[in-house]
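Undergrad: Using the numbering used here, you'd call the opening residue of the sequence shown number 41 and step up by one each time.
No lab work stands behind these hints, which were simulated from the structure alone. Incorrect hints may appear among the rest.
No farther apart than 16 Å at their CA atoms in a straight line, the calculated lysine to aspartate or glutamate pairs in the EDC-like style are these [said to hold, decoys possible]:
#: 1; residue 1: LYS107; residue 2: GLU77
#: 2; residue 1: LYS148; residue 2: GLU138
#: 3; residue 1: LYS111; residue 2: ASP88
#: 4; residue 1: LYS111; residue 2: GLU94
#: 5; residue 1: LYS166; residue 2: GLU138
#: 6; residue 1: LYS164; residue 2: GLU176
#: 7; residue 1: LYS166; residue 2: GLU183
#: 8; residue 1: LYS111; residue 2: GLU147
#: 9; residue 1: LYS166; residue 2: GLU176
#: 10; residue 1: LYS107; residue 2: GLU81
#: 11; residue 1: LYS148; residue 2: GLU100
#: 12; residue 1: LYS164; residue 2: ASP185
#: 13; residue 1: LYS164; residue 2: GLU136
#: 14; residue 1: LYS166; residue 2: GLU180
#: 15; residue 1: LYS148; residue 2: GLU189
#: 16; residue 1: LYS121; residue 2: GLU138
#: 17; residue 1: LYS164; residue 2: GLU138
#: 18; residue 1: LYS148; residue 2: GLU77
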Amino acid sequence: RRQRQMCIRDSPKAEPRNRALLLELDIIALLLSLPQERLLEWVRYVADHVWPPEGSLLAEFLELAQKEPRKDYLRQVLSRKEAGGILFERLMMAPEVEEARLPEVVEKALARLREAYYLERRSKLKELLQQSPSLELLREIQELDQAIEAERRIYRGL
């Protein structure tokens with residue numbers, strides 16, 4: 041029993057980057073579950089409302105989807121990615137969203153993702169702050185805290 045308790049205590053916390061990736065995959069799955077004729081419109085909306093880091097799966101997807109907005113093609117390309125298996129799990133689990141609720145569902149998903157990006161940035165800044173404290177870093181962390189809280193209000197309040 042003692043060994044089991046140690047395993048639970050010592051289990052690693054969810055890495056912020058993994059959380060962001062899962063949220064990116066949820067958004068991609070949501071977009072790929074839309075009717076083909078609505079895909080490009082919503083891809084553009086997402087691209088205008090979230091700023092994925094360069095090299096992220098979502099950044100790559102949004103760029104590709106704006107050039108070639110065909111769901112079959114996008115699924116094929118994504119299936120070759122490392123996270124392709126997880127994406128297809130997310131696609132299978134993605135609930136059908138009524139057209140009327142789509143803006144609300146997308147906004148909440150984007151707010152959660154922006155929050156995850158801010159939390160990643162905040163974590164990096166806190167490490168920098170410990171290495172070389174400065175008022176500028178402290179201010180940036182406080183601004184991120186405010187942005188994080190604003191995103192939480194969006195997804196809790198919608």
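Undergrad: Sort out whether GLU77 lies within 16 Å of LYS107, counting only the CA atoms.
TA: Holds, at roughly 15 Å.
Undergrad: So if I understand the rule, the pair passes when the alpha-carbon distance is 16 Å or less; does LYS166 with GLU183 pass?
TA: holds (13 Å)
Undergrad: Assess, step by step, whether the Cα of LYS111 is no farther than 16 Å from the Cα of ASP88, and give holds or violated.
TA: Violated. LYS111 to ASP88 sits at ~20 Å, over the 16 Å cutoff.
Undergrad: Run the distance test for LYS164 versus ASP185: straight-line Cα separation, threshold 16 Å.
TA: Roughly 13 Å separates the two Cα atoms, so the pair holds.
Undergrad: Starting from LYS148, check that the Cα of GLU189 is at most 16 Å away, please.
TA: Holds, because 13 Å separates the two Cα atoms, which is no more than 16 Å.
Undergrad: Starting from LYS111, check that the Cα of GLU147 is at most 16 Å away, please.
TA: violated (21 Å)
Undergrad: Taking only the CA atoms, is the gap from LYS121 to GLU138 under or equal to 16 Å?
TA: This hinted pair is violated, its Cα atoms lying about 29 Å apart.
Undergrad: Between LYS166 and GLU138, is the straight-line Cα distance small enough, at 16 Å or below?
TA: Violated, at roughly 41 Å.
Undergrad: Can you confirm whether the C-alpha distance between LYS166 and GLU180 stays at or below 16 Å?
TA: With Cα atoms ~10 Å apart, LYS166 and GLU180 stay inside 16 Å; holds.
Undergrad: Has the given pair, LYS107 with GLU81, been kept, meaning a C-alpha gap of at most 16 Å?
TA: holds (12 Å)
Undergrad: Between LYS164 and GLU138, is the straight-line Cα distance small enough, at 16 Å or below?
TA: Not satisfied, since the Cα-Cα distance of roughly 38 Å exceeds 16 Å.
Undergrad: Can you confirm whether the C-alpha distance between LYS148 and GLU138 stays at or below 16 Å?
TA: Satisfied, since the Cα-Cα distance of roughly 15 Å is no more than 16 Å.
Going down the numbered hints, you'll see the structure goes against 3, 4, 5, 8, 11, 13, 16, 17, 18, while the others check out.
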